[in-house]
Amino acid sequence: MGKHLVGNHIRRLRFNHNEMTQQQLADKVGVTRQTIVALEKGNYSPSLELAFRIALAFNLPLEEVFFYGENTEE
Amino acid sequence: MTYQEKKSIVSLISAILIFGFYCAYMYPRRPEGDLMSAETFRYWGSFVLILMLVSIIAHIVISIIFNIVFRMTTGEKEPAFADELDKLIELRAHRNSFFVFIIGFLLAMGSLVYDQPSQIMFIILIASGFISDVTGSATKLYHYRKGV
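Sequences listed follow chains D and V, in order. For the first sequence, the numbering used here gives the first residue as 1, with consecutive numbering after it. For the second sequence, the numbering used here gives the first residue as 1001, with consecutive numbering after it.
It should be emphasised that the hints constitute simulated quantities derived from the structure, not laboratory data. The reader is advised that the hints may include incorrect statements.
[Claimed, not checked] Simulated pairs of lysine-lysine, DSSO-like, Cα-Cα distance not exceeding 30 Å: (1) V:Lys1077 / V:Lys1146; (2) V:Lys1077 / D:Lys41; (3) V:Lys1006 / V:Lys1146; (4) V:Lys1077 / V:Lys1006; (5) D:Lys28 / V:Lys1087; (6) V:Lys1146 / D:Lys28; (7) V:Lys1006 / V:Lys1087; (8) V:Lys1006 / D:Lys28; (9) D:Lys28 / V:Lys1077; (10) V:Lys1087 / D:Lys41; (11) V:Lys1087 / V:Lys1146; (12) V:Lys1077 / V:Lys1087; (13) D:Lys28 / D:Lys41; (14) V:Lys1006 / D:Lys41; (15) D:Lys41 / V:Lys1146.
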């Protein structure tokens, strides 16, 4: 558990978007802060719908927020 | 530690305490004598029904107290809704909880097949209900901490 193939850049993107807090992002995409924490830790792979909503919150295409497999950038 | 993790721990501890105190209260009141008497069946029937009632009321009261203490200590409001992660964890908790209860139910029926006293059947049923409740809370705690 906890080793998911779907990774994300949410933490970095939040920082780049005026240091958006986890709660602000959670409110924007309609989930609890706990879910954002789990996503950032890599403990949860979101549904496709939530993934799109997060990408929309950052005004980025899906593949710039989420990636599949190992990522050496972060 | 997040709200959901704390709530799972509180739920786990309260389930153990409620069951423990209730059993400690009811055990000395068990009827002596004939194990197959109407009195014995009435005792076990009331044991289960009152346990359910006490358990529901105690869980509601503990949940309210927990929310008040959580707000006072953290200054945060508890989440007002369950999102997809919460629902997924809830489903897994229910699955494990039902699995444990079904095993207990089968064991209870098995005890009747093997001519055990009806008291054994009631004890297995009640114990499996308690263990399934604990399993549900433990599953939630595990998934909130380790992920899904």
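Going through the hints against the structure:
| no. | hint | verdict |
| --- | --- | --- |
| 1 | V:Lys1077 / V:Lys1146 | holds (24 Å) |
| 2 | V:Lys1077 / D:Lys41 | holds (23 Å) |
| 3 | V:Lys1006 / V:Lys1146 | holds (14 Å) |
| 4 | V:Lys1077 / V:Lys1006 | holds (14 Å) |
| 5 | D:Lys28 / V:Lys1087 | holds (19 Å) |
| 6 | V:Lys1146 / D:Lys28 | holds (25 Å) |
| 7 | V:Lys1006 / V:Lys1087 | holds (17 Å) |
| 8 | V:Lys1006 / D:Lys28 | holds (25 Å) |
| 9 | D:Lys28 / V:Lys1077 | holds (17 Å) |
| 10 | V:Lys1087 / D:Lys41 | holds (19 Å) |
| 11 | V:Lys1087 / V:Lys1146 | holds (16 Å) |
| 12 | V:Lys1077 / V:Lys1087 | holds (20 Å) |
| 13 | D:Lys28 / D:Lys41 | holds (19 Å) |
| 14 | V:Lys1006 / D:Lys41 | holds (18 Å) |
| 15 | D:Lys41 / V:Lys1146 | holds (10 Å) |
Of the hints listed earlier, there is not a single one the structure fails to meet.
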